[in-house]
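Enquirer: Each chain, letter by letter, is given below.
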Amino acid sequence: MTSANLTDTAQVEQGTSLWKDAWRRLRKNRLALFGLAVLTVFIALALLTPWIAPYAYDAQNLDLGASPPSAAHWLGTDIFGRDLLTQILYGGRISLAVGFVATAVALVIGVTWGAIAGYVGGRVDAVMMRLVDILYALPFMIFIVLLMVVFGRNLLLLFLAIGAVEWLTMARIMRGQVQSLRQQEFVEAAVSLGLSPATIVRRHLVPNALGPIIVYTTLTIPSVMLLEAFLSFLGLGVQPPATSWGLLISYGAETMEEYPWLLIFPGAALTLTLFALNFLGDGLRDALDVRGSGD
Amino acid sequence: MPLLSVRDLQVDFTTRNGRITAVNRIGFNVEPGQITAIIGESGSGKSVACYSLLGLLPTPPASIESGSAVFDGRDLLQMSERELREIRGRDIAMIFQDPMTCLNPYMTVGNQLVEPLIYHRKVTRAQARERALELLAEVGLRDPQATIDQYPHQFSGGMRQRVMIAMALINEPRLLIADEPTTALDVTIQAQILELIAELQRKRNIGVIFISHDLSVVADIADDIVVMEKGHVVERGDRQAIFQAAEHPYTQKLLAAIPAGSKPPADAVREDLIQVRNLCTWFPQGRGAEPLRAVDDVSFTVQRGEVLGLVGESGSGKSTIGRSLLRLVPVTSGEVLFDGTDVTGLAGAGLKQMRRRMQMIFQDPYASLNPRMSVYDTLAEPLLLHGIATRKTVEQGVLQLMDDVGLARAFVRKYPHEFSGGQRQRIAIGRALATRPEFVVADEPVSALDVTIQAQILELMLELGREYGLTMLFVSHDLAVVRHIADRILVLYKGRVVEQGTGDALFNAPQEDYTRQLLQAIPGRGLL
Amino acid sequence: MWRFIAGRLLQAIPVILAVITVTFFLVRVAPGGPFDSEKAVIPEVKAALEAQYRLDLPLGQQYLAYLQDLARGELGPSFKYPGRSVNELIAAGLPATAELGAYALLVAVVLGGLAGVVASLKPNSAQDYIPMSVAMIGICMPTFLLGPLLVLVFGIHLEWLPVAGWGDIPGDKILPSLTLGAAYAAYIARLSRAGMLEVMSQDYIRTARAKGLPEWQVVTRHALRGGLIPVVAFLGPAFAGLLAGSFVVETIFQIPGLGRFYVQAAFNRDYTMILGTTVFLSTLIVLFNLLSDILAAWLNPRLRAQYGEA
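Protein chains in written order, with this note's numbering: chain A, 1 to 295; chain R, 1 to 528; chain B, 1 to 310.
Just chain A, same shape as in the assembly:
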């Protein structure tokens, strides 16, 4: 929007938007930056896995069997002589994909639901949020276990099931945001200027609700990944020959007395990722100055 006229007539001072301000604060937070870096590396590895994995995914070496870390197999091998690093790389693809996709599902449902309830208000809001309350009271964990058992272990179902649990909190946060923003005077000012509801939502509500949503999204991904790992550990999540970190940990736990590295390395990969995401989420929360929402 800068034009000759403006830049010529005066030395215009560049303003600092709240986003720039937040980014500046985030850059000073070492833990959050560390989280961001770890995450970037892991995502890059996951994307490039087929090209960089040292061994083929299904390459067995039964003669070798389980061997501790060595020059040929940096993280050792499992009882079938499969390279653990390769397993972890492929497992990471699934774990991260579940984390991001299921969170995206939760994000879309939750934000839409919460925004509608908050903006329309009144009876619609009461009914919509009552439903969320009831769903909250359901023992979802039990249901997911049941679902996975009865309908077989299906990745798509896993996404949907986890997304279906996590959208509830997202909806509550979004509704709270919209409700409090709606009462702000700048939204009233927008109404009195004669802006259409769609424009008000797009220009005045969404940009201001975005902060908490970003923060909560960052914090939802690790809890989704944890859920997937949990289900896989119970044998209800990802199914062999596909693998995920949860499944690897589950196998590792069975043989940890003899081959502890089979437990420790996948465990470290999962824990490190969750760490990175949580630190990033906390850092974003501070940088965007979002009030704790009670999680």
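Everything labelled a hint here was simulated from the structure, so no lab data went into it. There could be a bad hint or two in this list.
What the hints assert, rightly or not - As a list, the in silico DMTMM-like pairs of lysine to aspartate or glutamate whose alpha-carbon atoms are at most 20 Å apart:
| id | chain 1 | residue 1 | chain 2 | residue 2 |
| --- | --- | --- | --- | --- |
| 1 | R | Lys122 | B | Glu215 |
| 2 | B | Lys122 | A | Asp286 |
| 3 | R | Lys203 | R | Glu247 |
| 4 | A | Lys20 | R | Asp377 |
| 5 | A | Lys20 | R | Glu418 |
| 6 | R | Lys352 | A | Glu188 |
| 7 | B | Lys122 | A | Glu188 |
With chain A fixed as given, assemble chains R and B onto it according to the hints.
Expert: Relative to chain A, chains R and B alone:
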């Protein structure tokens, strides 16, 4: 010998942007049996100075760099935390600005009241309770026996402040520090609390430090006045000296900022721009409950070119009337004719057309601007929306508005959080004027601002009102401000119009009891 | 207050009914039946079995019959443990699970609350960073990783504690309780730290200091209550999570509790067992949510007044 003698006090703060000296080598005395007022605008360091005396500032970020504060022969600043604790709540007590947040919501009033007594005087719980009941009666709580075991949320703001005062006085302190104790209260309640503090102070013959941003509040009660600006004490003197012969230009500026006198009668065209007939705005209160009648059968007219003042305390419905006219809240019944058209029935394009002609300026300049939009975007939005400017000319329009409201053009790319309260209010005024409206509702536009800024913004509004040929509805709780700016005044009480007339008529010959009460409550009446 | 409790109990009924209905039809619609795996079963025997378990009736009638039984408190006979009712099986598994849950909750509240409060008293110091970093590890390390690791370290390498069992050898309850409680301790630590920091910045804390109260009294008398309300409100959801987590812990440590039953029952298509445990656990969770809401309201006079009126 003074009760408290502060010398050479300096308090620094370490912030993200380096060190700031909040209190810069100040000194003042508090005499026993006298009220010393410390006056200053936000950021003057008046509260910081007093909190530092009692060790109530978090260190870091604060640090006391130098000075002494001799109370009762001992230097407060040299005491250990333990020694200070003995003094706090026993010899020196405090009351704070916001009685809503200063009482613990999880404890009964009685339990909070007896705490300092039990802790400092080692009396039994029963004795303490006895004393608390006496004091509650003394500060004017009806039926202390029944209310002592209630929780703070069951009291009104004024009553909570009375409880705070009782709590401060329960150990018979010799010095009371009152930090803006009436700022959060309605005018009539403010008058009662001021009177109560003055009366208790005389009766007990104690020293009081009264911190305030408002000279007129202390005009009736202060013995000595200390004026602070940006961490410095710029002037000290007794009340007479300050009010009648202030020497420092800043003090003079503060005095000049007190709104006084009434507006010269406007040369209004005798033509009604707005006719409000039997307006009712009720808010539903949930199932089965009676609706809240915020505005209840109100009728009035606004003439083209005049400023109509709307005065009332909280809950009087004054803001709701403004919002009803602009269709920001749903109207229950009645008519609002704007230039002959009933606004209450409009929708769609007709409503949008009407919105261009009537605009609003809000109370809180911190909440009324979208924090994620630059000044440019904020001002350009209405210009483009209503086709007042095209993409090509919008920049010129924005800059013109900046000039009109007195903001430097260089700031046009900045964001709201980078401006002071007064500057933000200028942006908000610019946004309201962008649509070239005929009518503006100003809802308490200066009550969140410092007094000197308040005067500037009022001046700006009067000036722009003339320039743009505006008709204005000016909503405020402050009679003096309204008298200063309005041609006619409507007094509201509980959703109804109690009295109306010109400022001079109301001030000189009020007809109704409630109007008289309001006038009585204006602090520093003598100054007007 | 009583009306509030009664109201909430009434609201719980449709929730539990929904749980029953969804579970009932979900297990029936799913492919595979309880007697499919036993290939040797002759058709006549299978028919007799199905009649015995009312599987020959139309689905709707089965559902109504089940509801009738439930109203009498009967959860029906187990499919996989012939001759034993689901009530008996739950009664057999419950004590271990309940005890495990109680210890884990104790670990979570005591350790977590303490760590959070201690950290909040000196924010951004070592006293804050150390417990909060440990809490972060607790949150990031899933139960099924922490359990085996604890076993590896304290059971196998150091040989300090038994690695399995429940109530057989002294000390065998320590590792499972710690494993299950750790994540919740971490959450509670973060919650109570945030809650305390929030409260400590309130104006009424300044009032308490201005009264001359020593800092420990300011904390215990004025801050703790408000600061811990979020923790109390979290206890309901935490309990639900603990139950889910006990599946894993019971598996790792071979504890004969409800969790293992549940997972096995699901794999075995043991209809009545799945339904029975689901209904039982759901009811418990709903009740615990209610309990923690009541507790939170009781701590907050303003909410108490609101509920009293409602």
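Enquirer: Hinted pair, alpha-carbon criterion (20 Å max): Lys20/A, Glu418/R. Please report holds or violated.
Expert: Holds, at roughly 13 Å.
Enquirer: Below or equal to 20 Å on CA atoms is what counts here, so check Lys20/A against Asp377/R.
Expert: At roughly 17 Å apart (the allowed maximum being 20 Å), Asp377/R and Lys20/A satisfy the hint.
Enquirer: Are the Cα positions of Lys203/R and Glu247/R separated by 20 Å at most?
Expert: Given pair Lys203/R, Glu247/R is violated - Cα atoms ~33 Å apart, limit 20 Å.
Enquirer: Compare the distance between the alpha carbons of Lys122/R and Glu215/B with 20 Å, and conclude whether the hinted pair is satisfied.
Expert: holds (18 Å)
Enquirer: CA of Lys352/R to CA of Glu188/A, is that 20 Å or under?
Expert: holds (14 Å)
Enquirer: Does Glu188/A sit within 20 Å of Lys122/B, going by the straight-line distance between their CA atoms?
Expert: violated (41 Å)
Enquirer: Do the alpha carbons of Lys122/B and Asp286/A lie within 20 Å of each other, as the hint requires?
Expert: Holds - the C-alpha atoms of Asp286/A and Lys122/B are around 18 Å apart, at most 20 Å.
In terms of the numbered hints stated before, the structure departs from hints 3 and 7, listed from lowest to highest.
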